[in-house]
Amino acid sequence: MATERSSWARRAAAVTVTAAVLAGAPTSPAAASADGGTARTPLTRAQLQRELDLTLEEAGYVGASVEIRDGGRLIRASAGEAELGGGRPVGRGERFRAASVTKTFTATVVLQLAAEGRLSLDDTVDRWLPGVISGNGNDGSRVTLRNLLQHTSGIHNYDYTEDTGQTAADFERTRYDHLAPEESVARAMKHAPDFPPAAPDDPAPDWNYSNPNYIVAGMVVQKVTGRSWAQEVRDRIIRPLGLKDTYEPGDDPRIRGPHAHTYQRFPGSTGWTDTTERNMSMADAAGSLISGQRDLDRFFTALFDGRLLPPAQLAQMRRTVPANDEIRQAFPELEYGLGLMRQPLACGGHRWGHGGDLEGGTVRTGFTEDGQRSVVIAASGKAPGDEQLLRAERAVQRLTDLALCGRTTD
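Sequential numbering from 1 applies to the sequence shown in the numbering used here.
The hints are simulated quantities; they were obtained by calculation from the structure and are not laboratory data.
Ideal placement from N, C-alpha and C gives every residue a C-beta, glycine not left out.
Take the hints with a grain of salt, since some may be wrong.
To be verified - Across the chosen pairs, the derived CB separations fall in these ranges:
(1) Gly93 - Glu182: 32 to 42 Å
(2) Pro130 - Gly72: 44 to 54 Å
(3) Gly86 - Gly165: 20 to 30 Å
(4) Arg227 - Asp177: 16 to 26 Å
(5) Pro130 - Arg227: 14 to 24 Å
(6) Glu387 - Pro130: 26 to 36 Å
(7) Lys244 - Arg391: 28 to 38 Å
(8) Pro203 - Gly371: 21 to 31 Å
Required output: the full structure, derived from the provided sequences and hints.
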């Protein structure tokens, strides 16, 4: 298992935790259930606004918005600035880059194709893309589609900043560059695998979050269907569900429609860099979608209630394995399915969903196991440093738990 993690790998780890379990939060299901008998009441709109204001302050965000669904009840709040110096507050219902929440869409399409008998999760990558996973010990004849979706392939998590650099000037120089999926995968192949691919029945396999896994999965979708993964997501998910804010931008660096700006404080810089405009081709099927809070709630609700997948494939998707020890040192109990995460809630039970991180932006989703409560959080403003990341995640964790668990009552 790899012992070193690049900056993008650390950001990917932030994606996987989805603001779930941090220091001060429960570290085991038993601890999470300890207050199971405590009465809790849903947040009011005024309480949600106060909690979001506190989250903004604790996390150091520029702006943030949150949407909570509690049965048929929907409440929203927003805080902070949509654009620094512009005086416009963050609006409700604005679009944002979904980042790695894209992975759940991609996994859903792969599982739909499996349900149709057009591929199998036990197919090797070589069956569909011979020679793509090769070199430096990488072997596509051993890596299965299940390994890709589960992050148990061992494929190294290639960080594009290894080639572009990590400063604000580096970002400005490369923000409009196109990076083809084949090139992303080829660069990952310059690294030896982190570990051998896991067997399908291994309950505790080696695991490492790797964006190239999902880029390869998108390439497989195109090989099987003759159409891009983005076209399949559009026709199988976006259009049938009537998702009005969700689309794949291709090389268009803009976000169409109402949106807040995103800001990153890069290493060595004391000021904010506006990261809103950028070509997301480097993320591809791992993280390029644009969406909105209502759309993400509709998508996950449809996924969990069986409108997108037959029971057998949904069960496969929700079959989780433990994340690696390195991540669990900071994020206890993290488990990963096929494009889904499961983590304990402070009030007992678990939450399902996925999250996303990119330069300047944070997205978190959470759904209770019965599907009755959900939360989608979008925020702007990220600063470097593990300590700051931890503070921000703690703040979002508190808000996530309050959204899904409610407030304790005396």
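Verification of the supplied hints:
1. Gly93 - Glu182: 32 to 42 Å: holds, 36 Å
2. Pro130 - Gly72: 44 to 54 Å: holds, 50 Å
3. Gly86 - Gly165: 20 to 30 Å: holds, 29 Å
4. Arg227 - Asp177: 16 to 26 Å: Because 25 Å falls inside the window, the suggested range holds.
5. Pro130 - Arg227: 14 to 24 Å: At 20 Å between Cβs, range holds.
6. Glu387 - Pro130: 26 to 36 Å: Cβ of Glu387 to Cβ of Pro130: about 45 Å, so the range 26 to 36 Å is violated.
7. Lys244 - Arg391: 28 to 38 Å: Cβ of Lys244 to Cβ of Arg391: about 34 Å, so the range 28 to 38 Å holds.
8. Pro203 - Gly371: 21 to 31 Å: Since Pro203 and Gly371 have Cβ atoms about 26 Å apart, the given range 21 to 31 Å holds.
In this structure, the one hint that does not hold is number 6.
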